[in-house]
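Asker: Chain residues, written in single-letter form:
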Amino acid sequence: MNKTKTLNHANTLNKPIDRRRFLSGSLATGAAIGASSMMSTNLMAMPAKKGGTLRVGFTQGATSDSTDPATFNNDFMFTYAYGVFNNLTEIAPDGSLIPELALKWDATPDAKMWIFELRQGVSFHDGKELDANDVIASINHHRGEQSKSSAKPLLADITSIKALDKYTITIELAGGNADFPFIFSQYNLVIHPAKGESIDFTSMNGTGAYKVKQFEPGVRALYQRNENYWKEDRAHLDEIEIILISDPAARLNALTTGEVDLIDRPDLKTLHLLKRRKGLRVEQTTGTKHYTLPMLSDVAPYKDNNVRQALKYAIDRQEMVDKILKGYGTVGNDHPIAPSMRFFNNELKQREYDADKSRFYLKKAGLKKLDIQLNLAESAWGNDTVNGGVLFSETSAKAGINIEVVREPNDGYWSNVWLKKPFCASYWGGRPTADWMFTTAYADGVSWNESRWSHEKFNQLLVAARSELNQERRREMYFDMQRLVHDEGSTIIPMFGNYVLAMNDKVQHGQTASNWNLDGLRFMERWWIS
Amino acid sequence: MFTFLSSLRTAPLSAQFGILIICIYLIAMVFAPWIAPYGETEILGSAFEPWSSTYLLGTDSLGRDMFSRIIYGARNTVGIALATTILAFLVGGLLGIVAAVMGGIVDQLLSRTVDVLMAIPSLIFALLILTIVGTSTSSLILVIATLDSTRVFRLARSVAQTVVVMDYVEAARYRGEGLWWIIRYEVLPNISSPLIAEFGLRFCFVFLFISALSFLGLGTQPPLADWGSMVRDNATLITFGDITPLIPASAIALLTIAINFVVDWKLHNASGLKDE
Amino acid sequence: MNSILLMTLKRLSLGVITLFVVSLIIFSAVEILPGDLAQEVLGQTATPETIAAFRHELGLDKPAISRYVSWLTNMIQGDFGHSLANGRAISDLLSDRFSNTLFVAAYAAIIAVPLALTLGILAALYRNSWFDRIANITTLSSISFPEFFVAYILILFLSVNNSFFPSLANISDSMPLSEQLYRTILPAITLTLVVVVHMMRMTRASIINVLASPYVEMARMKGMSPARVIVFHALPNALAPIINVIALNLAYLVVGVVVVEVVFVYPGLGQLLVDSVSKRDITVVQAASLIFAGTFILLNLIADILSILSNPRLLNPR
Chain F
1 MNKTKTLNHA NTLNKPIDRR RFLSGSLATG AAIGASSMMS TNLMAMPAKK GGTLRVGFTQ
61 GATSDSTDPA TFNNDFMFTY AYGVFNNLTE IAPDGSLIPE LALKWDATPD AKMWIFELRQ
121 GVSFHDGKEL DANDVIASIN HHRGEQSKSS AKPLLADITS IKALDKYTIT IELAGGNADF
181 PFIFSQYNLV IHPAKGESID FTSMNGTGAY KVKQFEPGVR ALYQRNENYW KEDRAHLDEI
241 EIILISDPAA RLNALTTGEV DLIDRPDLKT LHLLKRRKGL RVEQTTGTKH YTLPMLSDVA
301 PYKDNNVRQA LKYAIDRQEM VDKILKGYGT VGNDHPIAPS MRFFNNELKQ REYDADKSRF
361 YLKKAGLKKL DIQLNLAESA WGNDTVNGGV LFSETSAKAG INIEVVREPN DGYWSNVWLK
421 KPFCASYWGG RPTADWMFTT AYADGVSWNE SRWSHEKFNQ LLVAARSELN QERRREMYFD
481 MQRLVHDEGS TIIPMFGNYV LAMNDKVQHG QTASNWNLDG LRFMERWWIS
Chain B
531 MFTFLSSLRT APLSAQFGIL IICIYLIAMV FAPWIAPYGE TEILGSAFEP WSSTYLLGTD
591 SLGRDMFSRI IYGARNTVGI ALATTILAFL VGGLLGIVAA VMGGIVDQLL SRTVDVLMAI
651 PSLIFALLIL TIVGTSTSSL ILVIATLDST RVFRLARSVA QTVVVMDYVE AARYRGEGLW
711 WIIRYEVLPN ISSPLIAEFG LRFCFVFLFI SALSFLGLGT QPPLADWGSM VRDNATLITF
771 GDITPLIPAS AIALLTIAIN FVVDWKLHNA SGLKDE
Chain G
807 MNSILLMTLK RLSLGVITLF VVSLIIFSAV EILPGDLAQE VLGQTATPET IAAFRHELGL
867 DKPAISRYVS WLTNMIQGDF GHSLANGRAI SDLLSDRFSN TLFVAAYAAI IAVPLALTLG
927 ILAALYRNSW FDRIANITTL SSISFPEFFV AYILILFLSV NNSFFPSLAN ISDSMPLSEQ
987 LYRTILPAIT LTLVVVVHMM RMTRASIINV LASPYVEMAR MKGMSPARVI VFHALPNALA
1047 PIINVIALNL AYLVVGVVVV EVVFVYPGLG QLLVDSVSKR DITVVQAASL IFAGTFILLN
1107 LIADILSILS NPRLLNPR
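Chains as they are written, first to last, in my numbering: chain F, 1 to 530; chain B, 531 to 806; chain G, 807 to 1124.
Keep in mind that the hints were calculated from the coordinates and are not lab data. Among the hints, a few may not be true.
[Claimed, not checked] Straight-line C-alpha distance at most 25 Å; calculated DMTMM-like pairs for lysine to aspartate or glutamate:
{"id": "1", "chain 1": "F", "residue 1": "LYS211", "chain 2": "F", "residue 2": "GLU259"}
{"id": "2", "chain 1": "B", "residue 1": "LYS796", "chain 2": "G", "residue 2": "GLU1023"}
{"id": "3", "chain 1": "F", "residue 1": "LYS211", "chain 2": "G", "residue 2": "ASP898"}
{"id": "4", "chain 1": "F", "residue 1": "LYS368", "chain 2": "F", "residue 2": "ASP304"}
{"id": "5", "chain 1": "F", "residue 1": "LYS275", "chain 2": "B", "residue 2": "ASP772"}
{"id": "6", "chain 1": "F", "residue 1": "LYS326", "chain 2": "B", "residue 2": "GLU572"}
{"id": "7", "chain 1": "F", "residue 1": "LYS349", "chain 2": "F", "residue 2": "ASP304"}
{"id": "8", "chain 1": "F", "residue 1": "LYS326", "chain 2": "B", "residue 2": "ASP772"}
{"id": "9", "chain 1": "F", "residue 1": "LYS420", "chain 2": "G", "residue 2": "ASP867"}
{"id": "10", "chain 1": "F", "residue 1": "LYS357", "chain 2": "F", "residue 2": "GLU488"}
{"id": "11", "chain 1": "F", "residue 1": "LYS506", "chain 2": "F", "residue 2": "GLU259"}
{"id": "12", "chain 1": "F", "residue 1": "LYS278", "chain 2": "B", "residue 2": "ASP772"}
{"id": "13", "chain 1": "F", "residue 1": "LYS357", "chain 2": "F", "residue 2": "GLU259"}
{"id": "14", "chain 1": "F", "residue 1": "LYS128", "chain 2": "F", "residue 2": "ASP200"}
{"id": "15", "chain 1": "F", "residue 1": "LYS213", "chain 2": "G", "residue 2": "ASP898"}
{"id": "16", "chain 1": "F", "residue 1": "LYS398", "chain 2": "B", "residue 2": "ASP772"}
[Claimed, not checked] Chain F regions said to be covered by chain B (calculated; three or more residues, Cβ under 8 Å):
{"id": "17", "stretch": "267 to 278"}
{"id": "18", "stretch": "356 to 370"}
{"id": "19", "stretch": "399 to 408"}
For glycine and all other residues, C-beta sits at the position ideal for the given N, C-alpha and C.
Produce the complete structure using the sequences and hints provided.
Answerer: The following block contains the structure:
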């Protein structure tokens, strides 16, 4: 909603941006934000209570974790980012984009030139005040040839970043992008203090809700509330302790024995038993995380769309959701846009398991039967990945497709198997916008296009929709794109997984965000204990 | 065969029990397709069905019959463990004895190689090799056998050394007997007990090693049923007092106990003790 | 005695060579492993350009040999270097972890070795009795269960159902020793159950093996009690294989406890090593492997010296 207003307003700006106009026009944005955050406070069951210590058992994290924001790649580091630092923008629990360190933003009508005004009077934990310099250095850390950042592709379109004054920056893009401010809510793009040309990421000094008290990668982290935090009604807990417990049974035990209050990724197999325990509860959020089976579209037999269609009909999605996700998810329709997202195509018919149709497409491809390999590892879909493959091979066998499930070592899966083997498993976490999701994994030639799919019409639509400001036309374009991926894409998307958490009754929170696990990974500043 | 049977009659109860169990396992291995009510990979119903007359031990997380998987699991599990242990003993045991008997440069060369192999933590070694070559059943057998053979080598060498310095071996040397003769007639009979004892345990360690590997995501290939992975797959259920993972674990335990009972009996015979 | 000293020196120098070979093997194996640190850290989010930039920053674009040589030169000067992944000094990283590993290993060994020897001797003394059988069945079934499973069962009974002990073994230096012992008791029991049977059965087997020898017969005929025969005549002669097995198991307690570390969330060296292998953090892998290898070589050396002391004939020059 906030987004729409910004854009409508941007429409009225025909001249190149000037500071006076920008500021006056942005009042509308501010009002919209007020309304949206009101809505989320109303949803809270009770007012947040201050104080106490929250102990959390986490699955992901490694001794090799580095505080360099370019390399953040697991929950331990993601929550470190959102807990200790702030971004320019934030995704609110209702999915809308709200200001964080950026107070206001605006764009030229072609969505190519962006201006961000920063919040004043925000200081880092060491007392230094935040200014445009810090923001520019933090963004530039992920750009340029020397950068190793995983956020680099997101920022590839930026041609220049300039500071207009101490609290205003302008960013110029090579092509229009109406969803551009969403990018700055990404965990990599947290604002660090500048140090010369680059940033200081070793002293763990941010503007965020929590200060680092102890930080031992691969073991634990202890955070303490930042008493000078600039946000109101956030950072309720005195201390947060995060302990890495990679073994699912150990995580469960720690929760049942009361050694932690909250665990992520509980073993789905035993959740029905866990729920029976007094004082514990299980929560799930329908999110954007989905499981994929990419087929390399330039390798035989997957070159032929009929083969791809045959495989898409040979998978029993409901059974997958029931047995692999134990019901904690929903069926997928072979495109990556989640029902909770804007522009989700609700007119597309749900694809069902149909062995006859599968055989029909196989015949159309000139094949009687098909023998293929599916390479999997637990890194892809979690503990039950291999079982997922086995389930698929059982249903596909009835359509004459013989799938040999090959268990690959977890170690090195993303570098050896993914993007290399013609048929494998993968997953995608939350991307807040359809454009972001499509651009990341379906656009022609991008390095994460996991099926090497290249579709002329799709790519044209993608570029056109990005800078299209008419919402109706934009919606139609995204609907078309979803249909193209559904019918001609080279990725099977059997299911969307819910984010599942288990906790004891002390843990409280308001409405939770669905873009990532753990309340959009921002549970540290949003949650409290009673 | 006949002498074996007749000696069995006089064997202690524990050994007879051991033999009985081993026979039952062998029958399950050979006749699995006839004994098991359903196929190994067949998905029959919903997940975690309770025990019933249709599904004797219920179904697993995919809805496959647990009882059938246990029966088929005997083939894969015992097959792999047996192949691995025999290979490890052939290679490690033989080289260990050769090293002890020949001494000198051969001993140095073999011992130092084994030292290096053993000095690398075995789980890491397996992790490295299996990641490089992939986890097919044959590479699994070869890697574990290599690792195990170093342990067998050390044991064989050290017990053989105590025998080699005995007077009768020195006497045989002076008589000019060949290496093979000394090994066959002087060393082997005198070191067989610790080796047999070791065999019973090594066999069991293979199961454990495979399940430790599956803990790191490097187990056997699906959809084959193997007990180690079946324990791993269902392990979290035990936290809630659900005994499902105990079934494959007990299958391993029972076999281990049976084999070691037989080993104890053989050990007793080999030691030449005539009491009791 | 001099000859033992000589052998020790010889073995120590051989140990250094072994360490060198181990470092070479580990280095090449990690090199052969598909993927490198840049790829593993960036994971699914890697692109060719970011990987290239990362490699350049880490010096991974230099040839393998020159990297190994520079690592070796630093190593010889006693400098373990820094973790490639996050730049922490490896000596800091390892010292805590290693002392944790040694702590729980020693804890388990103090319980396991006397227990195994006692049970083994008693089982040999009362062989084929009910005591022998029950001791055998319990210890054998305890190792038939994978160690993570043993751990789960212990946690179920001692931690979840009856809260006697904590299910997480997180300790810190500031805790008093008694607290540390209390928090690590479940991992120590688990490890004990895993190693005790091997040592016990070897003790039993070796003793039975020498029971038929002439000198034992002689002692028996002199009218000695069976217990005295075993402790004073059979045991000393059966020591060599027992010592070997104890050394192997002690090495296992130090080296092989990854799974137990994972289940009890105990920050030891094993978990660090597995983590570093999967991230291809080669400097950490090398350092941790060398520490393990060194421990193993030392334990072995001690075992050999003790075996020789127990049976001086092993020193006979040929």
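Asker: For every hint, state whether the structure bears it out.
Answerer: Hint by hint, here is what the structure shows:
Between F/LYS211 and F/GLU259, the direct Cα distance comes to roughly 23 Å. Compliance with the 25 Å bound is thereby established for this hinted pair. Of the pairs offered as hints, the one joining B/LYS796 and G/GLU1023 holds, with about 21 Å between alpha carbons and a cut-off of 25 Å not exceeded. At most 25 Å may separate the alpha-carbon atoms for a hinted pair to count; F/LYS211 and G/ASP898 meet this at roughly 23 Å. Between the alpha carbons of F/LYS368 and F/ASP304 the distance comes to roughly 14 Å, so the proposed pair stays at or under 25 Å and holds.
Among the hinted pairs, F/LYS275 with B/ASP772 is consistent with the structure: their alpha-carbon atoms are about 15 Å apart, no more than 25 Å. Restraint check for F/LYS326 and B/GLU572: the C-alpha separation of about 19 Å stays at or below 25 Å, so the hint holds. The hinted pair formed by F/LYS349 and F/ASP304 meets the criterion: a straight-line CA distance of about 22 Å does not exceed 25 Å. Under the criterion of a C-alpha separation no larger than 25 Å, the hint pairing F/LYS326 with B/ASP772 is consistent with the structure, at around 18 Å.
Note on F/LYS420 and G/ASP867: the hinted pairing holds, with a Cα-Cα distance of about 22 Å set against a maximum of 25 Å. Distance restraint check for F/LYS357 and F/GLU488: the Cα-Cα separation of roughly 16 Å lies within the 25 Å cut-off, and the hinted pair is therefore satisfied. Simply put, F/LYS506 and F/GLU259 have alpha-carbon atoms about 13 Å apart, close enough for the 25 Å limit, and the pair holds. For the proposed pair F/LYS278 and B/ASP772, the alpha carbon gap of about 18 Å is at most 25 Å, so the pair holds.
With a C-alpha separation of about 52 Å, the suggested pairing of F/LYS357 with F/GLU259 is violated against the 25 Å cut-off. At most 25 Å may separate the alpha-carbon atoms for a hinted pair to count; F/LYS128 and F/ASP200 meet this at roughly 13 Å. With a CA separation close to 18 Å, the supplied pair F/LYS213 and G/ASP898 stays within the 25 Å bound. At most 25 Å may separate the alpha-carbon atoms for a hinted pair to count; F/LYS398 and B/ASP772 exceed this at roughly 34 Å.
Judged by the Cβ-Cβ criterion of 8 Å, the stretch 267 to 278 of chain F is covered by chain B as claimed, because 5 of its residues qualify and three suffice. Coverage of a stretch by a chain is defined here by at least three residues with a beta carbon nearer than 8 Å to that chain's beta carbons; for the stretch 356 to 370 of chain F and chain B the count is 0, and the condition is violated. Three residues within the 8 Å Cβ limit are the bar, and the stretch 399 to 408 of chain F against chain B gives 4, so the coverage statement holds.
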